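There are 2 protein chains.
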Amino acid sequence: MVNRLRLGGLTEDGFSYKEKFIIRGFEVGINKIATIETIANLLQEVGSNHAQSVGFSTDGFGTSPTMRKLHLIWVTARMHIEVYKYPAWRDVIEIETWCQNEGRIGTRRDWILNDVATGEVFGRATSKWVMMNQDTRRMQKVSDDVKEEYLVFCPREPRLAFPEKNNKSLKRIAKLEDPVRYSKLGLKPRRADLDMNQHVNNVTYIGWVLESIPKEIIDTHELQAITLDYRRECQQYNVVDSLTGLELTEGSKMVSVGTNGSATATATTREDDHDCHRFLHLLRLSSDGREINRGRTEWRKKPTR
Amino acid sequence: MVNRLRLGGLTEDGFSYKEKFIIRGFEVGINKIATIETIANLLQEVGSNHAQSVGFSTDGFGTSPTMRKLHLIWVTARMHIEVYKYPAWRDVIEIETWCQNEGRIGTRRDWILNDVATGEVFGRATSKWVMMNQDTRRMQKVSDDVKEEYLVFCPREPRLAFPEKNNKSLKRIAKLEDPVRYSKLGLKPRRADLDMNQHVNNVTYIGWVLESIPKEIIDTHELQAITLDYRRECQQYNVVDSLTGLELTEGSKMVSVGTNGSATATATTREDDHDCHRFLHLLRLSSDGREINRGRTEWRKKPTR
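Keeping their order, the protein sequence lines are chains A and B. UniProt numbering applies: residue 1 is where the first sequence begins, and numbers increase by one. UniProt numbering applies: residue 1 is where the second sequence begins, and numbers increase by one.
Just to be clear, a hint being listed does not mean it is correct.
One copy or two, either will do: identical chains are not told apart, so a pair holds if it fits within one copy or between any two.
Said to hold, decoys possible - Listed below are the simulated DSS-like cross-link pairs for lysine-lysine, each with C-alpha atoms no more than 27 Å apart in a straight line:
{"hint": "1", "residue 1": "K301", "residue 2": "K128"}
{"hint": "2", "residue 1": "K188", "residue 2": "K215"}
{"hint": "3", "residue 1": "K18", "residue 2": "K215"}
{"hint": "4", "residue 1": "K128", "residue 2": "K32"}
{"hint": "5", "residue 1": "K18", "residue 2": "K32"}
{"hint": "6", "residue 1": "K32", "residue 2": "K69"}
{"hint": "7", "residue 1": "K184", "residue 2": "K32"}
{"hint": "8", "residue 1": "K147", "residue 2": "K302"}
{"hint": "9", "residue 1": "K147", "residue 2": "K184"}
{"hint": "10", "residue 1": "K20", "residue 2": "K32"}
{"hint": "11", "residue 1": "K20", "residue 2": "K302"}
What the hints contain is simulated information worked out from the structure, not anything from laboratory work. Keep in mind it's a predicted model, so treat the numbers as computed, not measured.
Work the whole structure out from these sequences, hints included.
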């Protein structure tokens, strides 16, 4: 009975994992659509359930037996999520995920998000992970031992959630330079932001990025793509500044960028694309300005529902 | 297919509602057990799904047709939750809920929480709600019109989650007097804390209460009961102080309450009950000290798992 209710499992070929979720009321925001944090949380959930289903660690961090022996953990290096249509409260969604080798020092995990009622793909995501030694906090090359353990569960041919050339998941994020247009200073981790390693969980960074988005954008637009480059761990007692600026596209003509730089100024970007806004983000330590995270977001006008 | 996955519905007599949930990885904290915020979120979810299943508003706030016509909303006045054993990641739980008339100005909603695998009751909760006029923000008596609408869905005989005499859900919460032992000042709502009314959601208050609990208690104990009295709405731009002090029991002999009043002092309470700690809490506006919330928590030693 209890097992009948578990809504996930490996696919037939064993090379990916699928799980269904019903969107809960506290996972949606204004407009009753799932928040981007909810989407990110569910990606993380299905990733660790996948790892657990093939016999990796049951602690939610998906480490292989060799990794645990050597005190190695996975650390998020990049996360890229695109959502074409947000699910609403009570919608049933299915997420498929798989992982693969990525270069010499990392792995990659991809996701496809489906609306179960319509069969439509409503989102895609990809991520890069590196291995860190838990004791020294240094990065470490993925050794052949570890690779062997997980490669048996990976697709035989490369399979990408974003197979298109020049897709946005690959885009380099420029560093946001001071002075920035929008900011929210002095953000502090709460108890619920810390995960089992007593570090700030990677989904919290998304919320912090959103803190410095101007309110008129939040009120009228929805996030269509977010890319985050994770550059430094954030600890329990760190205080963080969230900075946001317009992403200037080369050759684009800028109009009406507001006059006072306050968070209530209207952020209009390119004349030929006034319904879409692109921002660059920087999360940094308030104390010494060291960079924690670099991000990029794209926003489209909210659909009428 | 999609409907088969919805795990809730009215009970046979129509007087209560039950729904099953699988605990997700991001709903658990350290120790892999569900956080108290998760429990509170699920209580809220099942309450609004209940209201929706009998035809009340689909916005998550469970207002009846007459209430919507008159711009009336439900506001939490008191919430009391007891958890005897926390569910873990992947556990399947079932929550039953029902509501009833409560005095002249309010209603009450009760919950029973079951572990599906063992059939055990692992928690109970009760709450009081009052009606507020959305435009004037004033409390309003529950009129006979509104009562008639929901009483048809209430148990015919009074049914209480805590039928015991002198149970803790009824206990008056004393006002916490300055100077307090523990505090966390300057808490600010984040975007995700706001609900569709653009006010701080009632579950956020639980997290704020926890912010001023000393770390040694969080590390070694778990919450067994929490009572919150909601006294004032908190808005998006409010800044909040969270204060915590020991609850002194009359006639009890106090030992070793620490010397410096800092959050790292050891909080030992009664000699004859050194594994259980009882605290009083106050959430107030930083600006003028007005009381937002008054709380009481009890903590027991963490079980070894």
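ask   = When no copy is named, should K147 and K302 be tagged within, between, both, or neither for a Cα gap of at most 27 Å?
value = For K147 and K302, the Cα distance exceeds 27 Å both inside one copy (43 Å) and across copies (38 Å).
Homo-oligomer pair classification [K32, K18; C-alpha up to 27 Å] = both (25 Å within a copy, 22 Å between copies)
Margin query: Treating 27 Å as the Cα threshold, decide for K18 and K215: within, between, both or neither.
Written below: neither (36 Å within a copy, 38 Å between copies)
Open item on the list: One pair to classify: K184 and K32, alpha carbons no more than 27 Å apart. Within, between, both, or neither?
Closed with: Only inside one copy: K184 and K32 sit 26 Å apart there, 32 Å across copies, limit 27 Å.
Fill in: Alpha-carbon proximity between K20 and K302, which holds within one copy, between copies, both or neither at 27 Å
within (26 Å within a copy, 32 Å between copies)
Copy assignment of K32 with K69, given that the CA separation must stay at most 27 Å:
between (44 Å within a copy, 21 Å between copies)
Treating 27 Å as the Cα threshold, decide for K147 and K184: within, between, both or neither. neither (41 Å within a copy, 45 Å between copies)
(message) Reference check for the pair K301 and K128, CA-CA at most 27 Å: within, between, both, or neither?
(response) neither (29 Å within a copy, 39 Å between copies)
- Item | Intra- versus inter-subunit Cα pairing at 27 Å for K20 with K32 | For K20 and K32, the Cα distance is within 27 Å both inside one copy (19 Å) and across copies (21 Å).
At most 27 Å between CA atoms: does that hold for K128 and K32 within a copy, between copies, both, or neither?
between (30 Å within a copy, 25 Å between copies)
Worksheet item: Should K188 paired with K215 be assigned to within, between, both, or neither, using CA atoms and 27 Å as the limit?
Response: both (20 Å within a copy, 16 Å between copies)
The structure is inconsistent with the numbered hints 1, 3, 8 and 9, although it conforms to all the rest.
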